[in-house]
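Visitor: The residues making up each chain are set out below.
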Amino acid sequence: MAWYIELLIVAVSILALLAIRMPLGFVFGVVGTAGIIIYSGLHSCVVIAQELHDMLSDFVLITIPLFVLMAELLSSGGFISDLYDSVEKLTGRLRGSLCIATIIASAIFAAVCGSSYVTAASLGSMTLPEMLKHGYSKKLASGSVAAGGSLGILIPPSLAFVIYGYMSGASIAALFIAGIIPGLLLASLFILNILILSRLFPSVADVYAQMGWEAKLKSTSKILPVVILAILVLASIYVGIATPAEAAAIGSILSLVLCSIYKKLSWDMLLRSLRNTIAVSGFLLLLMCTAKILGFMMAKVGIMYGLQSSLVKLPPWLFILIVYLTIAVLGLFLEGTSIIVLTTPIFAPAVQAMGFSLIWYGVILVLFIEIALLSPPVGMNCYIVAEIGKSLQIGVEDVFKGVIPFLIALVVCVVLITLIPRLALWLPSTMG
Amino acid sequence: MRNTMIIRTVYKWLIKLIETISIIGISLIVLFTIYEVTSRELYNRPTIWTNEITSYLLVWFGMLGIVYAFDKETHVSVDFVFKRLSIKVQQVCSVITCGLMLAFSLLVSIYGYKYWFIAFKNGWRHYGMLDIPMSYTRISLPIVGLFLVFQTSLATYDAIIRLRQQRTTGESAEGV
Chain H
1 MAWYIELLIV AVSILALLAI RMPLGFVFGV VGTAGIIIYS GLHSCVVIAQ ELHDMLSDFV
61 LITIPLFVLM AELLSSGGFI SDLYDSVEKL TGRLRGSLCI ATIIASAIFA AVCGSSYVTA
121 ASLGSMTLPE MLKHGYSKKL ASGSVAAGGS LGILIPPSLA FVIYGYMSGA SIAALFIAGI
181 IPGLLLASLF ILNILILSRL FPSVADVYAQ MGWEAKLKST SKILPVVILA ILVLASIYVG
241 IATPAEAAAI GSILSLVLCS IYKKLSWDML LRSLRNTIAV SGFLLLLMCT AKILGFMMAK
301 VGIMYGLQSS LVKLPPWLFI LIVYLTIAVL GLFLEGTSII VLTTPIFAPA VQAMGFSLIW
361 YGVILVLFIE IALLSPPVGM NCYIVAEIGK SLQIGVEDVF KGVIPFLIAL VVCVVLITLI
421 PRLALWLPST MG
Chain C
1 MRNTMIIRTV YKWLIKLIET ISIIGISLIV LFTIYEVTSR ELYNRPTIWT NEITSYLLVW
61 FGMLGIVYAF DKETHVSVDF VFKRLSIKVQ QVCSVITCGL MLAFSLLVSI YGYKYWFIAF
121 KNGWRHYGML DIPMSYTRIS LPIVGLFLVF QTSLATYDAI IRLRQQRTTG ESAEGV
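Chains as they are written, first to last, in the working numbering: chain H, 1 to 432; chain C, 1 to 176.
Okay, chain C solo, but in the shape it has when bound (with noise of 0.2 Å):
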């Protein structure tokens, strides 16, 4: 009890620390993109590197911006079929799908892990003015796939446990 406890409250500290870095990332964006449109139009004097970091940054707020959403649920689903079935079906219905987002979640860090390491091992750069190393960006896929396992990890632990109440109170319900 008190481990998932420690969890949750490392997990709020995560998702704080995310936020931060997304928002500092959409500001930094918005400002490039002014800085770009205001020295072009204005002082006939277009950058080569706003366009470049702009899309670095779109690649961290947008990973990270996958993890924060699912925190706050923002991530639609579908539920005309799911609210006409029965509780304990739903609770199974949930640990299925919480199971399946957690596979999916392993797979992009192992293989955003992969992706990341070639570009690493090789010193391959982005094309374009700057010769920034692909890994700077490549290496969000495992850090977001790790929070996203965590996530998916905690939602799948939390849709058994509704699984087993459910049970236990279906069993002793039965019982009386």
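Just chain H, same shape as in the assembly (with noise of 0.2 Å):
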């Protein structure tokens, strides 16, 4: 039988699994195991035991459970409120302020937190409130949520970056670190956004109230904590000092540290950290796992090899082209880390055998996801708004027509750094 048609029977069998609505990580588990029994019989089974031990024996995986416990950790202990209150009072002046406090607030919380469910989920519950009692429009107000939330898997530490770089072989500290430029880039691009439609529609955002500078500076003490600790986690792995894996530790640690400090520790706290942290990496490592079985009997049929070698015999164009198509395309029905174990094992060799820089093509990889975010109708980030603000009665479409000048903010990104791959190559290649 030929690749192509082997290809179309699998994407059809995921397809039709995830219509009855099997989970992801069991889709890929069954699909993978049964093109395994009938290419090779039952007794290659041993295959799916072999693979998901060797999978989870690996040291850099560890990274995945400590970045989710170190965002637990500031997410249970109220950082994000304090967060929010801060950058709320800095950015009083301007029209919009709170969505734009959203997207800062966003960011920086980005970088203790890999997960935008999580940094989404956070900011919604406190953001959305205010900005409607401040007479914002909802679809502004839960848009900027919703795309504020995104961030959380560009800028580093990104438990996307830490499953694309197991998945690619591209080095992990590269990836948090070529994260950077573009996180900061695509949240100046969201505040842009909203500093251009409050002013052509001065109805859909108010100017909160002005504050003074003393009470500027005393607000500024709440944001350092968050943002010393970032620091500290990002530079550590900069200078060489951590590996992504002990990064993490040290932030788990430093997160219980602050958590102590400004006494926001309780037993109750903890465990509830402790519990959503195995609950979270289980879900990541059935899907990785799972995806690797998938990736093993794809590879053993010979779909890989032709779909690979048929990709290579593209001109450079194209093949960018079908690339990025096929990740917005599977962005339409697939959650994010789905589309980077599916794709990473089939683009990642093309994409170097191309001579692509495999750090680019994540950051690339990363942003379509962000787009598939807020894409419906899967859009995961803005089910998660509208699940917060339906006591407020926004509902999923407010959402998902909120989003769409964020959705054109992340297109003029993907295309800046398409064009120009020093955005995104240029830091890692200062490290140390």
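Hints in this document: simulated from the structure, not taken from any laboratory.
Every value quoted in this text rests on a predicted model; they were computed, and no experiment measured them.
Quick list of the computed label-pair ranges, beta carbon to beta carbon: (1) C/Lys12 with H/Ser391: 27 to 37 Å; (2) C/Thr47 with H/Ile228: 26 to 36 Å; (3) H/Leu332 with C/Glu73: 18 to 28 Å; (4) H/Leu321 with C/Tyr43: 46 to 56 Å.
Result set (PhoX-like, lysine-lysine): computed pairs, CA atoms no more than 25 Å apart in a straight line: (5) H/Lys390 with C/Lys72; (6) H/Lys390 with H/Lys401; (7) H/Lys401 with H/Lys133; (8) H/Lys300 with C/Lys114; (9) H/Lys218 with H/Lys264; (10) H/Lys263 with H/Lys218; (11) C/Lys83 with H/Lys390; (12) C/Lys83 with H/Lys401; (13) C/Lys16 with C/Lys72; (14) H/Lys222 with H/Lys263; (15) H/Lys133 with H/Lys222; (16) H/Lys313 with H/Lys300.
Here a beta-carbon is modelled for each residue, glycine too, at the ideal position from N, C-alpha and C.
Dock chain to chain to rebuild the complex, using the hints, since each chain is given by itself in its own frame.
Guide: Printed below as a string of structure tokens:
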């Protein structure tokens, strides 16, 4: 059977199982195992056990639960509300300041939290009532929370980069550092978006109360702990003192110390954070393990070889276009981590063979995942914000309409990083 | 009815046990990793055992985390097609989904056992300074596989019961 027919069968099987609401981790496992049984017989199923075991015994993957723990501790410790409160006071003079504060607080929180869901959920529950109380339009308010949340996976430390780095073999430390400039660029584009919208349509956003300089300086002190923590974690990776896994452990311990200093540490809060860490890590690790089983099956059957040898024959511009379109289309149906684990084994070797940088591709991939997080019908961030905003009569349609300007900013960012790869590659090239 | 009550109570206790072991596991991973950084960077004495131990702990933590995530329903699924289906079709789909997950879990436990047994019989050890037997980490596969079989069997049973109830309600509604 030709490889493209086999690929079609695999794709249809995955979509069919997704349609009947099978959890993503099991979808990849079931399709991969079925392929192995059909191609090599039942006795080859020992590969499932081998892939699960070998993958989980890799030290690099310790990064995942440790960064999840750090984010959970800071989120449960209530640092995010202090963060938002301070940024809100600092930006008060501008029209649309509450939305701008949401984006800035998301960017800062993203620097200690690798997940977009946690960022959107933590900020949404606090910022949405505040914005609606001050007469902001539902669309702009919910759109900025969903878009701000998506920064969580671009600004390091990012779980998406850990998973991509592990699957592609690219340096996770270099990926983290590569995400800084695109992350700041995207946050700036989001803020520019809000400024333009609130200038063109003044009714969508108001000016928040003005604060004196003394009050502003006082409020800055609340941002400092999280900012210092983020700088310490990133700097330890940048100068080479710690690996990303070790930096995550340092971050977790420092988060615990911060919670204790600010009297936010309690037995309940600690247990809640640990429980969430186990559950989130379990989901991510199953997804990665079963994607490896699926990847093994696709390599064994010959789909990988057929696909990669066809891709590398294409002219570079067409190759890039096909890669972008594939990820964008997958983003309409799949959640971010699944896109990484599904496409990386296929595209990363081809990207390298075509002479492109794996680090650059990683940043582009994460930007597309951000687009996926905000695009219907799956757009997970939008559903999270809609769920939080249910009591405020915010529907999922409001959120999807609200994110349109932010999606345009994301596309602009993808174009800029495609045309100027140094935006992503310059900082990693200076690493120690 | 009483039997299912007992089974569910046992299940709750097992999840509690998994939670406790995983909490201890993640705490040890954090402590060992911190110990490695401090002894290497502050005292210039890197350890030879921390990375190895944490990798083995991750195998157990990750495997148990999969079971825990299943219980807490953290495993993400996509439902934009599913929620557009009729309730009857949804319940049939749930039975199929649970049945396939049960089959996958059975394969993990059976072949996980075989994978463990080879290492156990031959006395294979992990490459590394600690010389730890491979069977210590590989045993997590059949154990967690069985936990998954337990969970997916319960989920399949519940899905079949819901489907039966739906049929009975549908038939009685037609009769009226």
